[in-house]
Amino acid sequence: MIKVESLSKSYGGFKAVDDVSFAARPGRVTGFLGPNGAGKSTTMRIMVGLTPAGSGVATIDGRRYADLPNPGLEVGVLLDASAQHAGRTGREILTIAAQTMGLPKGRVDEMLERVSLTPTEAGRRVRNYSLGMRQRLGIATALLGDPGVLILDEPANGLDPAGIRWMRDLLRGYADQGGTVLLSSHLLHEIEVIADDLVVIGQGRIVAQGTKAELLAAAGTLVRTRDVPALSQALVTAGLHFSEITDALRVDADPDVVGQVALTAGVALTELRAADGAGLEEMFLELTAETQREGAAA
Amino acid sequence: MSTAVLDREVVRATKPAPRRIPMSRIVGVELRKSFDTRSGFWLLASIGIVSVIATGAVILFAPDSEITYETFATAFGFPMAVILPMIAILSVTSEWSQRTGLTSFTLVPHRGRVITGKAIVALIVGVTSMLAAAAIGAVGNLLGSAILGVDAVWNVSVVEFSYIILANILGMAVGFMLGVLIRNSPGAIVGYFVYSLLLPTITTVLAETQQWFADKQPWVDFNYAQGALFDGDVSGEQWAQLGVTGLFWLVIPLTIGVWSVLRSEVK
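Listed in order, the protein sequences are those of chains A and B.
When the letters of the first sequence are read in order and numbered with my numbering, they come out as residues 708 to 1005.
When the letters of the second sequence are read in order and numbered with my numbering, they come out as residues 584 to 850.
Treat each hint with caution, since some may be false.
[As the list claims (entries may be wrong)] Derived lysine-lysine pairs resembling DSSO-like cross-links, with alpha carbons at most 30 Å apart: (1) B:K598 with A:K710; (2) A:K722 with B:K850; (3) A:K919 with A:K722; (4) A:K722 with A:K710.
No lab work stands behind these hints, which were simulated from the structure alone.
Just chain A, same shape as in the assembly (with noise of 0.2 Å):
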């Protein structure tokens, strides 16, 4: 269980991560999401402990992460799979890993055939690594000391598409098992197929939160229509909220009601059905539009 309580940090004037908070449940993959820069990467090292936090805690299980006696054992941590010795091997790495935790040295070939890297492969110089094995090599660290808690920065950054689905089996079954897993990613989708809760991060602060079903169920009606001014119009005079997408209405009401109120205005529409999701496509994509200028195109 990880538990994050109004946490905040500034840089100068710029509030980087403010007054987040949230949890991650055992027996559940808790998704991160938020655009670059949204301030994920932040909130994790505080988390841990790499970054001091302005004002606000962090715990696991109740306990600060510095009050851990020997946190390898109870948190597995990958915040960046490129921070390495290049001059070390994938194996001495683990090796280094495992004898800080004090765990034995059969430990290191068990992970190494767990995120599937070869003796040979085990065997070179992260320098030589690609993306995706230091990715596997990172997991495979955090995997290490069996811990209950999993805390992944972009884990899925780098793999390839059998690696991103291994990734989702193994978390899934970890989660399974009673294991608290917390992943971010900028990409929704990627986190939409693994996720049982999510927590949507922009500018710093807690956009939306809650399980992936609440957030999904709460996405309201997506209508089309070519005569969109007419149903606008309409919509307007039922009181009712809604938005513009790509090429078609979110309105924040069942479909029922919006068929009613297109009946009434005389409006034909092309196209009327729940909006699954379509909600959160659009919160994030705001989120990302203001943070990454081709927003205005669109």
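Go by the hints and put chain B onto chain A.
What follows is chain B alone, placed relative to chain A:
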């Protein structure tokens, strides 16, 4: 199915409570980390290699009358004074320059313990290297005098040699201090050469031209104060000078460096 899940959860819960990572293990890990890369390995190997070359050079090139232990000690002493501080610097800065600190400081979430481990390793490496070099020099002295057919001259006492070891440990401490203060490998190495080569040149010129500085130099110049250690005889006043200058040139900046390491952000 649900019972199976429960069973496994129970297994997790009954895992024995972990014990605090002992300091001895941190030292062991840090020692391993100073050997396990090519650069680290060759840096340490160079201590042995350079000692052998320096000893061989004395036998080959030194005039017969100079084949004494002091000549050998001087020959291996100079390269040692350069290599040992580099080892101390890199042991600290690589955590930032190679970004391994991300792992090191999450596995041991008390940076002070990791830094202490590194300091202990530097001390072990420093003393061991000096003793190894001394042994190689002693073999050279025996060999050299045997070739010349004269009695070996042992003109460095144990006390004198322990002063030389102390001077080298102080050099490593300076490297260590620059490492924690600058936390960047090239920066700290440049810093070390400014500190140990450029600074003494400036103070020497200053002392030659300015009488007021020459009078005060032993009390303000750390490099100058260390000179006494190489002369083999340190008076009470000289120890005091070493202490005063060491406080300003080593202890205070080291404290600031460690303080900033404990507070800084590791990215």
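Verification of the supplied hints:
no.: 1; hint: B:K598 with A:K710; in the structure: holds, 21 Å
no.: 2; hint: A:K722 with B:K850; in the structure: holds, 18 Å
no.: 3; hint: A:K919 with A:K722; in the structure: holds, 27 Å
no.: 4; hint: A:K722 with A:K710; in the structure: holds, 21 Å
The structure shown violates none of the earlier numbered hints.
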